[in-house]
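Which chain is which? The protein sequence lines are A and B, in order.
Under numbering that gives the first Met the number 0, think of the first position of the first sequence as 0, with each following residue one higher.
Under numbering that gives the first Met the number 0, think of the first position of the second sequence as 0, with each following residue one higher.
Simulated from the structure, these hints should not be mistaken for laboratory data.
Predicted, not measured: the structure shown is a model, and the values here were computed from it.
There may be inaccurate statements among the hints.
Quick list of simulated restraints, FRET-style, between CB atoms [unchecked claim]:
| no. | chain 1 | residue 1 | chain 2 | residue 2 | range |
| --- | --- | --- | --- | --- | --- |
| 1 | B | P146 | A | D205 | 24 to 30 Å |
| 2 | A | G42 | B | P78 | 42 to 48 Å |
| 3 | B | A108 | A | L24 | 26 to 32 Å |
| 4 | A | Y45 | B | L133 | 27 to 33 Å |
| 5 | A | L111 | B | A5 | 27 to 33 Å |
| 6 | B | V50 | A | N41 | 52 to 58 Å |
Covered stretches of chain A, as calculated for chain B (at least 3 residues, CB under 8 Å) [unchecked claim]:
| no. | region |
| --- | --- |
| 7 | 1-8 |
| 8 | 64-77 |
| 9 | 158-171 |
| 10 | 189-197 |
In this text, a Cβ means the ideal position worked out from N, Cα and C, and glycines have one as well.
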Amino acid sequence: MTWYLFQLLLQASLMTIFVSAISILAGLVFAVFLSAMRMSGNGWLYNGAGLFISFFRGVPLLVQLLLIFNLLPIIGITLPSLATAIIGLSLCTAAYQAENLRGGFEGVPIGLIESAEMAGFSRVQTFIYIRTPIALRLTFPALVNEAILILKSSSLVSVVGLVELTKMAQNLSASTYQPLPIFASAGLIYLVINLTVAFAARRAEDALPGLPAK
Amino acid sequence: MSFDFAVIFAKGPQILAGLGVTILIWVVGTALAVVLGFLVATARRFGGRLVNTALMIPVEVLRGTPFLVQIFLLYFGGPYIGLRLDPITAGLLGLSIYGAAYYSEIFRAGYLSVPPGHVEAADCVGFSRVQTILYIQLPEMALLVLPPSLNMVVILLKDTALLSLITVPEMTMTVSAIGSQQYAFVESIVVLALVYWGLVELANALGRIAERKISKLRLT
Numbered sequence: 000m001t002w003y004l005f006q007l008l009l010q011a012s013l014m015t016i017f018v019s020a021i022s023i024l025a026g027l028v029f030a031v032f033l034s035a036m037r038m039s040g041n042g043w044l045y046n047g048a049g050l051f052i053s054f055f056r057g058v059p060l061l062v063q064l065l066l067i068f069n070l071l072p073i074i075g076i077t078l079p080s081l082a083t084a085i086i087g088l089s090l091c092t093a094a095y096q097a098e099n100l101r102g103g104f105e106g107v108p109i110g111l112i113e114s115a116e117m118a119g120f121s122r123v124q125t126f127i128y129i130r131t132p133i134a135l136r137l138t139f140p141a142l143v144n145e146a147i148l149i150l151k152s153s154s155l156v157s158v159v160g161l162v163e164l165t166k167m168a169q170n171l172s173a174s175t176y177q178p179l180p181i182f183a184s185a186g187l188i189y190l191v192i193n194l195t196v197a198f199a200a201r202r203a204e205d206a207l208p209g210l211p212a213k
Numbered sequence: 000m001s002f003d004f005a006v007i008f009a010k011g012p013q014i015l016a017g018l019g020v021t022i023l024i025w026v027v028g029t030a031l032a033v034v035l036g037f038l039v040a041t042a043r044r045f046g047g048r049l050v051n052t053a054l055m056i057p058v059e060v061l062r063g064t065p066f067l068v069q070i071f072l073l074y075f076g077g078p079y080i081g082l083r084l085d086p087i088t089a090g091l092l093g094l095s096i097y098g099a100a101y102y103s104e105i106f107r108a109g110y111l112s113v114p115p116g117h118v119e120a121a122d123c124v125g126f127s128r129v130q131t132i133l134y135i136q137l138p139e140m141a142l143l144v145l146p147p148s149l150n151m152v153v154i155l156l157k158d159t160a161l162l163s164l165i166t167v168p169e170m171t172m173t174v175s176a177i178g179s180q181q182y183a184f185v186e187s188i189v190v191l192a193l194v195y196w197g198l199v200e201l202a203n204a205l206g207r208i209a210e211r212k213i214s215k216l217r218l219t
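Excised from the complex, chain A in its bound form (with noise of 0.2 Å):
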């Protein structure tokens, strides 16, 4: 295990960083519509989302990736590798955080809701402007372990390509034949990567307005 190995691993962190942080925020976007969808109090629509959401979460993530690697080709779509690898993230965590959201939506005090229609709201209006920040809010501290949770599934991606941390770390180690410092070593970058993330976010939580009183 040479420094030049271990710098190499610590390039393919930036990719393994880069493909989560995309996901984590894309997935985050798409949760959003499914609660949309959810509480739009439309039957087919708030079917729809369950069904996703039940499908996302129901399926390993691995089986996901092979599924969308191999069915998008077949339907006339080709992507490169790094995009297959964010949209099959992004799906996986988008399911994963709509389930989140749903405890932080009903964590919405009726009173705001009632004072925003009062004050002429729509719906929509009140939807984007009120309920959704307070529930991202309420839910940041679930958005943190989800993102720690997509950092290290991010090392599924390998299998539709995408050379990450984990795929440097096979390829190194089938190279070099040192399998136990090159797998360790990939561990502790991850390990370092979400201790980071779980401080920053210990801060951030700090700085983020108060909740709103019950």
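Place chain B on chain A using the hints.
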């Protein structure tokens, strides 16, 4: 584009064998993880500060690194330190240790939820430590511990799919191999996804029944 599921279903017995390995590793791995996790949490609770810190480090490392990296380290790195395991043993061991880290945190939260007064009261009437754990602390934490434990059972089922990457002949490996041989890869993955989905929803349904039953017992 045309889908031919018949070639997949023709391999029914092979798929069932893979499903059997998945369920075997899932059930045995989860059971070991629960027991080991409980022992770790109990040692951390009663073992003093040194034991607590010494066990905290591996738990945090296991929770902070991907399961995939852990099993690669165990399966491909193990032989270099004399730990030569066949895939199923390595997978079972990896899943149990990984799950144990999460279960230990669940039980740790459980221990913290039991009011100290109850433990002291048990002490006063002459309960031994084992009796206190079995008759006071475990029943009192059951309601709190059950939902995250059941959640973890489902997570561990889905994580068994990763064991295909260290050549454990479980369902993902078996079915995707059939798909490649029969030139029906997408079909095989669709079947795979549906079987996992069904299993997870079944586990969730059983979990909901268990939760309802236990909440009626009024343990606290």
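Comparing the hints with the structure gives:
1. In this structure, P146/B and D205/A meet the distance hint of 24 to 30 Å, their C-beta atoms being roughly 29 Å apart.
2. Between G42/A and P78/B the CB atoms are about 57 Å apart, so this pair departs from the stated range of 42 to 48 Å.
3. As the Cβ distance of A108/B to L24/A is approximately 30 Å, the hint placing it in 26 to 32 Å holds.
4. For the pair Y45/A and L133/B, the beta carbons lie near 45 Å from each other, so the given range of 27 to 33 Å is not met.
5. The hinted range of 27 to 33 Å is not satisfied by L111/A and A5/B, whose Cβ atoms lie roughly 56 Å apart.
6. In this structure the hint that V50/B and N41/A lie 52 to 58 Å apart at CB holds, the actual value being about 56 Å.
7. Only residues whose C-beta sits within less than 8 Å of a C-beta in chain B count toward coverage, and the region 1-8 of chain A has 0 of them, not enough to reach three; the restraint is violated.
8. With 6 residues carrying a beta carbon less than 8 Å from a beta carbon of chain B, the region 64-77 of chain A meets the three-residue requirement, and the given coverage holds.
9. Under a criterion of three residues with beta carbons nearer than 8 Å to beta carbons of chain B, the stated coverage of the region 158-171 of chain A is upheld, 4 such residues being counted.
10. A count of 4 residues in the region 189-197 of chain A with a Cβ less than 8 Å from any Cβ of chain B is obtained; the coverage claim is therefore met, three being the minimum.
Violated hints, listed in ascending order, are 2, 4, 5, 7; each of the other numbered hints is respected by the structure.
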